[in-house]
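2 protein chains.
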Amino acid sequence: MNGSENGVERTLPKNVGILAMDIYFPLICVNQEELETFDGVSKGKYTIGLGQTNMAFPTDREDVCSMSLTVVRSLMEKYNVSYQNIGRIEVGSESLIDKSKSVKTVIMQLFTDKGNTDIEGVDSLNACYGGTAALFNAVNWIESSSWDGRLAIVVAADIALYERGPARATGGCGAIAMLIGPDATIALEGIKGTYMEDVYDFYKPAFLPKEYPIVDGHYSIKCYMKALDHSYKAYRTRFERKMGHPFTANQADFAIFHTPFTKIVSKAYARLYFNDYLGNPSEFPNVPSSYKDLPLEETFVNAEIEKTFLNETKTKYAQRVQPSTFLSKELGNLYCGSLYSCLLSLISDQSVVKDLVGKRVLLYSYGSGLAATTFSVVIRAPVHNISEKADIHSRISKRVQLPPQEFTQILDGRELLCKDPSYTLSGSLKNVGNSTYYVEEINEKLRRRYAFKQ
Amino acid sequence: MNGSENGVERTLPKNVGILAMDIYFPLICVNQEELETFDGVSKGKYTIGLGQTNMAFPTDREDVCSMSLTVVRSLMEKYNVSYQNIGRIEVGSESLIDKSKSVKTVIMQLFTDKGNTDIEGVDSLNACYGGTAALFNAVNWIESSSWDGRLAIVVAADIALYERGPARATGGCGAIAMLIGPDATIALEGIKGTYMEDVYDFYKPAFLPKEYPIVDGHYSIKCYMKALDHSYKAYRTRFERKMGHPFTANQADFAIFHTPFTKIVSKAYARLYFNDYLGNPSEFPNVPSSYKDLPLEETFVNAEIEKTFLNETKTKYAQRVQPSTFLSKELGNLYCGSLYSCLLSLISDQSVVKDLVGKRVLLYSYGSGLAATTFSVVIRAPVHNISEKADIHSRISKRVQLPPQEFTQILDGRELLCKDPSYTLSGSLKNVGNSTYYVEEINEKLRRRYAFKQ
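Chains A and B supply the protein sequences, listed in that same order. With the first letter of the first sequence counted as 1, position 140 gets the number 140 in the numbering used here; the numbers rise by one all the way through. With the first letter of the second sequence counted as 1, position 337 gets the number 337 in the numbering used here; the numbers rise by one all the way through.
Source of the hints: derived by calculation from the structure; they are not laboratory data. Be aware that a few hints might be false.
As the list makes no split between identical chains, a pair holds if one copy fits it or if it spans any two.
What the hints assert, rightly or not - Below 30 Å or equal to it, Euclidean Cα-Cα: the simulated DSBU-like pairs (lysine-lysine) are:
{"hint": "1", "residue 1": "Lys222", "residue 2": "Lys114"}
{"hint": "2", "residue 1": "Lys78", "residue 2": "Lys242"}
{"hint": "3", "residue 1": "Lys242", "residue 2": "Lys329"}
{"hint": "4", "residue 1": "Lys45", "residue 2": "Lys445"}
{"hint": "5", "residue 1": "Lys242", "residue 2": "Lys210"}
{"hint": "6", "residue 1": "Lys222", "residue 2": "Lys398"}
{"hint": "7", "residue 1": "Lys398", "residue 2": "Lys430"}
{"hint": "8", "residue 1": "Lys307", "residue 2": "Lys14"}
{"hint": "9", "residue 1": "Lys307", "residue 2": "Lys354"}
{"hint": "10", "residue 1": "Lys389", "residue 2": "Lys419"}
{"hint": "11", "residue 1": "Lys419", "residue 2": "Lys398"}
{"hint": "12", "residue 1": "Lys226", "residue 2": "Lys307"}
{"hint": "13", "residue 1": "Lys445", "residue 2": "Lys14"}
{"hint": "14", "residue 1": "Lys210", "residue 2": "Lys14"}
{"hint": "15", "residue 1": "Lys78", "residue 2": "Lys233"}
{"hint": "16", "residue 1": "Lys292", "residue 2": "Lys329"}
{"hint": "17", "residue 1": "Lys445", "residue 2": "Lys210"}
{"hint": "18", "residue 1": "Lys114", "residue 2": "Lys242"}
{"hint": "19", "residue 1": "Lys114", "residue 2": "Lys233"}
{"hint": "20", "residue 1": "Lys419", "residue 2": "Lys445"}
{"hint": "21", "residue 1": "Lys419", "residue 2": "Lys43"}
{"hint": "22", "residue 1": "Lys78", "residue 2": "Lys316"}
It should be emphasised that the depicted structure is a prediction, and the values quoted were computed from it without experimental measurement.
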């Protein structure tokens, strides 16, 4: 009997959050500097302008389901988790291969074989926010009366590809899996500020036979910043209500952000301080007091304000944010996995890893359309075990760089796959890494079968 | 401060569940008897074979977002809920008009205008199970440490349409909205048995320019029954663990089922008793003991067993299940909303409504692909207020029956809408009811704008 039945008090599971995490990314990537040359754009447009180094992408042999199978299996095996001990799996993705059947059901392949079919959770959908929704749902489940004592897995997996043109360099690909439970190494603080609104900054009409989004890049950046303002404000209100004192960005030992491209992150971090300035201008003696009188609408694309706060936060950015950008630079935009790849980069960074226990990380999750939440986690125990098992620096260095020409051909193949139901898979298995699931067949009824490359 | 922070005990919100509910269905429908004649099939094939009376369907002026806007606004207004008092909205649907942007974000239109943008929740996706996933997520949120005291809304909305052929008569259309909070009229018992598996019984490949599923009807019924067996078994195990005594179907005062077509429900109810029989054959003196020795696989399509248990449960079915089938017969398959339309039918039935307080309802939610849960609710207070506000019998009787010819033409129009990005909306507004949102425009960028017909 529990509290919901007889009214007695119940001790909530404490410090629910991330016990373990892993990432999958494809074996292949394209170099952004080479892509600049290939695309005939000005030197530095992708590498400095966007802040990107390489971009991960898959052949037609990978999809959201194969990637999810790979990363979940890897997590289970690396941490030697019992397949019976998982009671919930939830997926965040916007790279659906089906508008009805969830990715979650495909992941069940791994568990049915082990005799565990009683696993809650399906897919959460809203652009790059799905992984965060899935994380919150998993944490809430563990804190609810229907929790049965088992752990949850959250998967955030996407393939971000864009039409030929200026947006193409902002693609990326990868899948994160997180093991969720009580007494976690990285615990959610239970403070969240959310902002949602009905906008069309980036979307994928359901009946277009393509996997590319329709995107208004400049408008989307404005939406990202506006939602950051609002969700950060809501976070601060709730923080003060819970903790009894105000919150400013200085109280975040680290800050990580959804990262469509790395360059935006320094601006987002600076924007937190612009918000703090609006709340208390006297704390910012170097900032003109006139900024606070501008209509908020005018501040989103104001180069002077941007520069002022980039300068204000330059040192802090290097210490508190930059360590989280490693995977974003190397993989590109992971959509749902982006924010969590930043967390994994942070806890894998040699300059900070020794001194993380007790630290607060502020997180900003953004999904176009739009859904955004600012929330925070506390690192409660050493994270070496997680970073060693994920081993991201070594794995990133072992990837195969394909020339832009081949990258383009592979994307052309994926375009055909979306348009032509009779398309035959042509991607070479040499471009699929070991210990990786891949699409073995798409049959005449468009059912996909997956195989595991040992 | 709460339990997750400092370890003190916390009283869980009690009896979390459904405080209020409403349904939206289109003004127009087609009569199944007329459809039999039009399709040239044997008389009774749809009306007796499937158990259907009418089928709701929309013109091209309605989509999952317009229906969700309508039903949420209706719920808010009928119950005079403050727009500030909603902290979570979550949608279950498989009728996506976008593969990235959630239906939830469109519903935000109603709340942004009222100054409430801090609302959690996105869309839950897995065929007809999405509404149940959304309900569980909302309940868990209220029981979690991050609950802020506000209420949640769960929307289950779908448009079920099939290609010309034998499956077409199993379509339907409607949207359910439920207000979720503590001390509920209809409270979840916190006992669930779940079964998930990777199958292709019904699915919608993401890149096909159509809203029809690919479906293997016979296989899907087998999957439905298999998942019923497994989830019911898991439910009974958990019930006994929590309550200290075994569960049999007789302990459910009422039972309601996801209803692809009404005829399947009597078979599903009979199947619960077949499961009870397998657990304890001596309780079924009229049933041959040999049935228990058959491989389970052979029992799913065994006409003799089916008939035996249909006979065993005939009287109970009439009392405990049939009152829940009214809306399914009149609307068809509502996909995510189906199970909850059964709940609304049940509490709107004059023969049972006087005597519902204290009664347990067993619920079976099934979504192809597959995801299934058997769970239970208890009705804790009189439901007249909900049924009077929903007013389903009167509203159903006021619909407009269109001839099968016009039904077919309207569906042909929707087919074009999916195939042709330059399609112009042609549905007459006379086929849209009052107090209803409709699609006013789909622009050249495929962005949809909604208007409200007073």
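Tested hints:
1. Lys222 - Lys114: So Lys222 and Lys114 pass the 30 Å test across copies only (22 Å; inside, 47 Å).
2. Lys78 - Lys242: Neither: 37 Å inside a chain and 34 Å across chains, both beyond 30 Å.
3. Lys242 - Lys329: neither (36 Å within a copy, 50 Å between copies)
4. Lys45 - Lys445: Only across copies: Lys45 and Lys445 sit 27 Å apart there, 43 Å inside one copy, limit 30 Å.
5. Lys242 - Lys210: Neither, since 46 Å and 49 Å both go past 30 Å.
6. Lys222 - Lys398: neither (36 Å within a copy, 47 Å between copies)
7. Lys398 - Lys430: Within one copy only: 14 Å inside, 63 Å across.
8. Lys307 - Lys14: neither (42 Å within a copy, 51 Å between copies)
9. Lys307 - Lys354: Close neither inside one copy (32 Å) nor across copies (69 Å); limit 30 Å.
10. Lys389 - Lys419: Close neither inside one copy (39 Å) nor across copies (47 Å); limit 30 Å.
11. Lys419 - Lys398: Classified as neither: same-chain Cα gap 33 Å, cross-chain 43 Å, threshold 30 Å.
12. Lys226 - Lys307: within (18 Å within a copy, 62 Å between copies)
13. Lys445 - Lys14: neither (47 Å within a copy, 47 Å between copies)
14. Lys210 - Lys14: neither (44 Å within a copy, 47 Å between copies)
15. Lys78 - Lys233: For Lys78 and Lys233, neither the intra-copy (39 Å) nor the inter-copy (32 Å) Cα distance is at most 30 Å.
16. Lys292 - Lys329: For Lys292 and Lys329, neither the intra-copy (34 Å) nor the inter-copy (61 Å) Cα distance is at most 30 Å.
17. Lys445 - Lys210: both (18 Å within a copy, 15 Å between copies)
18. Lys114 - Lys242: between (43 Å within a copy, 25 Å between copies)
19. Lys114 - Lys233: Result: close only across copies, 18 Å inter versus 46 Å intra.
20. Lys419 - Lys445: both (15 Å within a copy, 19 Å between copies)
21. Lys419 - Lys43: neither (34 Å within a copy, 41 Å between copies)
22. Lys78 - Lys316: neither (34 Å within a copy, 52 Å between copies)
Violated hints for the displayed structure, listed by number in ascending order: 2, 3, 5, 6, 8, 9, 10, 11, 13, 14, 15, 16, 21, 22.
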